[in-house]
Amino acid sequence: MAIDVVRDQRTQVNDFAIKLANVNGTGSASANSLLMQAIFRMGIPVSGKNLFPSNIQGLPTWYEIRVNRTGYTARALDYDLVVAMNSQTYAQDIADVRHGGYVIYDSSWPLDPDLSRDDVTFLGIPLAKMCLENFKAPRERILMKNIAYAGAVVALVGIDVELVADLLAETFARNEALRDSNQRALRLGYDFAMEHLRCPLPFYVERMEANGTSILINGNLAAALGCLYAGATVAGWYPITPATAVMDNFIQLCARYRRETVVSEDPNVPDTTRNNYLIIQAEDEIASIGMVLGAGWNGARAFTSTSGPGISLMNELLGLAYYTEIPAVIIDVQRTGPSTGMPTRTQQADIMMCAYASHGDTKHIVVFPANPYECFEFAVQAFDLAERFQTPVFMLSDLDIGMNDWVVPELRWDDAYVWDRGPVLSDEDLSRMSEFFRYNSANDDFVAARTLPGSDEKGAYFIRGSGHDKYGHYTENPPEYQEVVDRLKKKHAASAAHVPAPVIERRDGAAIGVITIGSCDLAVREALDQLADAGLPADFLRVRGFPFVAEVRAFVEEHEHCFVVEQNRDAQLRSLISIETGVGIETMHPVLAYGGFPLSAQQVVDSVLAKLEN
Amino acid sequence: MPSITKPLIPLSPLPKNDLGLTIRDYEGQMSTLCAGCGHDSVTAAIVHAFWELSTPPHMIAKLSGIGCSSKTPTYFVRGAHGFNSAHGRMVPIATGAIAANRELTYIGISGDGDSLSIGLGHLMHGIRRNVKMVYIIENNGVYGLTKGQMSASADIGSRPKKGEANALAPIDPVTTALSLGATFIARSFSGDKEQLVPIVKAAIAHNGFALIDVISPCVTFNDHEGSTKSYKFMRDHEVKEVQTDFVPIRAEIRAKIPADDAIEVTMHDGSVVHFRSVPEGYDPHDRMKVEEYIRDRQSRGEIVTGLLYVDESAKELHELNATPTSALAKVPYSSLCPGAEALASMQEDFR
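Sequences listed follow chains A and B, in order. Just so you know, we're using this note's numbering here: the first sequence kicks off at 1 and counts up by one. Just so you know, we're using this note's numbering here: the second sequence kicks off at 1001 and counts up by one.
Because the hints were derived from the structure by calculation, they are not lab data. Cβ atoms here follow ideal geometry from the backbone N, Cα and C, with glycine treated the same way. Be aware that a few hints might be false.
Under the rule of at most 30 Å between Cα atoms (straight-line distance), these lysine-lysine pairs were calculated in the DSBU-like manner [stated by the list, open to error]:
#1 K1315(B) - K1289(B)
#2 K470(A) - K1289(B)
#3 K1147(B) - K1016(B)
#4 K1147(B) - K1161(B)
#5 K489(A) - K470(A)
#6 K1232(B) - K1193(B)
#7 K458(A) - K489(A)
#8 K1330(B) - K1193(B)
#9 K363(A) - K490(A)
#10 K1006(B) - K458(A)
#11 K1232(B) - K458(A)
#12 K458(A) - K1289(B)
#13 K1330(B) - K1240(B)
#14 K1162(B) - K1147(B)
#15 K470(A) - K1006(B)
Simulated DEER-style distance windows between Cβ atoms [stated by the list, open to error]:
#16 Y1333(B) - R432(A): 17 to 27 Å
#17 A95(A) - I1171(B): 51 to 61 Å
#18 I1004(B) - T340(A): 13 to 23 Å
#19 L1145(B) - D266(A): 53 to 63 Å
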């Protein structure tokens, strides 16, 4: 069976993809996101994906904008328009344009005739020349080229130029000189295109009302907001791409929302500020998680944010937290491994590591957001889960979610929210007890009430990562040791009912099932629509939490063929489902994309069809 | 069974501290270390110091890493809250705990393996952040629990019980801490309780990271001829020229101490450290001079003990971060969550 997804030229209103090829460090990022934001403001579903190198200046970088009126905003692989601003990658970028597409290039210099293609239209704009003539400072001449090509794109795809001018005015509200240069550059590109080129192209935008109250936000900011709203007060962290912005944002949010002024009673003493938070940039990730454990032991909501290499380093203390039952939240913004891997590329390859982090028998609670909206919600839930189950909880985001701006529904907060601190004994509780032992009073979730340091002597106990019995005392006795670790296993299993439930969507006549996770969501949904249109409806399940609920196993068993779509080489989700639910692995076919770029629907459709044809 | 509950035998009236507690109330379980281990003497000094200061046991948090030294927190203040963590990782855990609740008194017990090898980076950064805690290194130059490997504090030429003499330069926690800007540095000898108790008390009063390097001989693996961390070596080479007394805030006995050439340091809580005797030209506030003096003595094969350096003016972690004066962990949720309205209004900027 083969499906041709043919693009209808006449219906290319609000349905196209642009690839902008730039040189890293030249200021292109702001011009590119300006275009994306303008389209968002026109009410049209849009996505912007930054495909950038692990480099400060000089290497190739791309930005992809996908406009889609139906809301298919996963990465597209066929580009209607390529803005080729990087001579190093001309050949590849020009090759990437779809048949019948367009290329914008800087015609200040002639284009190498070898790069020419008969089936695409080349639109030359003398960007360098225009900027040389219009701007004086060398740096400005480079920077403004970006805004100038953005201006040309605005004209070519019919973006409201006044709206873009407003955006620039907002961005540079406090810098008149920059605002002026940017406005001039925008008009240079825009006017050139309007005068010399056919505007609009056969694909263009028209205002819609699809975005409603939606917002444009990246997952790292959303996760930081979640931590703020969850009431996290202590954070330990170490800089790492692509997770750094989680803490950068948390620091900024705390400075804005957690800082109180303490009015001095003495007129000679100035007022002071009081910070209801303490964020420590640690010496490494081991220290980061150590700080989180110390704070969690003491009853503060504490977290760290990191990426795969950081989790590798944290493994030892994660086992300590698991075994001694200390709440902790770890946000892992996954990048491409193994080892240093590709730090600026995305992947979902920390699933196994996080599920079983540390030596010995360990199992952790993991939540898997698919977009920034869920980053916010799941971050709050992660703190509740961590305290309710007195254990580390991972939130597995990834670079695509964390660092790209996504259109998601407005974040909502319920002021009636009450944080779940889990079973904690107060001095009053202790006074009613004849004696206290740390691990011997498990509740229905197999969680034993704890005391916090500073509580009455009766509640004092000694935390130890060494073998302990249910009283918290050191032991080397097999049954006493096993009793504790067996309870930990039951506790982990009990948390399945409290982690975010899987999203399950069924279609009439579906013969196959597709299981996915995290940021694959949009691409898989689009792929499923394409398969259904081609007469192959499929049921959908997106895992959102570990341990798995029974529905996950049932879903696999219901379908003769299941496809498990994930972004890693080793089909980690598929293995984890099989290991943990006991369901056979044979009927789960891996669909894997692990090159480091976000998934596209086409990859899913191709893989599914290839398997079914065999 | 590696921990043995100490029988509480009521002895004829033991003196009571301000809280009405006897010294037995500050003890812990029976030590399971080797008979004669220097660490047990350090434990005794800690018990004494807390008892004398009348620190409420439940307001003490005692932490450790892994090793013989790290077992000792079970042997003191049974009513304190304890955390035996992972090898070398006590400082970050203590740092996080202190961040969350500054109301407790924190004491960390470590050894030379825990502090100077696997945990050296963390120790340095704990010093650098000036986390308010007492940090005791029970330093015996040897890995006891794994049966006698030389540690990073072993002196050149120091001989293990079996094998070759150590050829690598030792890491000296005292001079290292001086170079890192530590705000309280002391060295003592486990065999000298008289010196150790006031040092521990001053460390508890210190407003920042208080490092005490205690030479604490290992009777099983490193107390022989040829070891520089043995009882005999210490007794022959210890120099006690820097002598201090600690005067708690409540005791108004300052006048009783002759004030001629003595140096007084008023601690953050108002208590006083009194340098009753120091060598000529020695200034416990002058990092350079202290280091010069220690190195000079070191070059003569001597080990200087005493409270060697103190700086009570530096800000500790919480002061540096302008956190509330009470525990961060107790800040009510209503002060932490900006609420639905703030979330809605901030999203105006996300469109």
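Legend entry - Hints violated by the structure (listed by number, smallest first): As far as the earlier hints go, 2, 3, 8, 11, 12, 13, 18 are violated by this structure, in ascending order.
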